[in-house]
Amino acid sequence: MNILRANPEQLFEYGPFTVRRQRPGEALSPLVSVDLMSLKLDARIPMQQHWNEEVFTYLWRGSMQHQDSNGERTQLSAKRVMVVNAGDGVQYEESVPLFEAELLQAVIRPAQPGGEAMTQVLERDQGIMSNGWTELAGPEESDAPLELRQAAYIYDTLLERNHTLDVPALPGFVAYLVVLEGSIRIGEARLVRGDAVSGLAAGSEITGDRDANLVCFLIKPDNAV
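For the sequence shown, counting from 1, position 37 maps to 37 in my numbering; every step adds exactly one.
Honestly, I wouldn't trust all of these hints.
Stated by the list, open to error - SDA-like, lysine to any residue: derived pairs with alpha carbons at most 25 Å apart:
#1 Lys79 - Asp211
#2 Lys79 - Gly62
#3 Lys220 - Gly62
#4 Lys79 - Glu9
#5 Lys40 - Glu93
Hints in this document: simulated from the structure, not taken from any laboratory.
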């Protein structure tokens, strides 16, 4: 079990932005980066070009507006999760016009470069499910609601205090679990907001120490580009 602790060296603060960047490393090479962000009201990430990336955007608090180069706007929240398959290229900007936002944004390399750019949104009226994993995204051939052009799956849950869950597992895949809020225990180890863990054995059990928002990636390392 490899624990990546939240530390000041990961933290970048500038004006309305606070970003904690995680780089999972070579063992999880398709998972390029995981950013945990706090955005204050009126924060704006200007129009940028993206290509050959799978960008997963997940809010657990507040809301954010996504706007593409055609002017199409999409509101994101805990009830609306987004994947942008950048492919041959796409431009978009993000802003926080209504409420401060807490979000995770991850970049995954696709198995093959190129392809038509595509934006996908998962709407779920009930928001984040408690004490059970929800499959949010998966490979194109899977039944996941959001498609990734890579052998990768993404899950989330709100694990309440004293409840337990097994970490998601699939043969040949490695789990990367991020604590967005609250705290959990895995064996004798306690993980808190901003911590992440990988290298978990299949069937590893996690326990809510305090109510915890969690996102788990399953990555197949040998599918790296």
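Checked hints:
no.: 1; hint: Lys79 - Asp211; result: holds (19 Å)
no.: 2; hint: Lys79 - Gly62; result: holds (10 Å)
no.: 3; hint: Lys220 - Gly62; result: violated (32 Å)
no.: 4; hint: Lys79 - Glu9; result: violated (31 Å)
no.: 5; hint: Lys40 - Glu93; result: holds (16 Å)
Consistency with the previously given hints fails for numbers 3, 4, ordered from lowest to highest.
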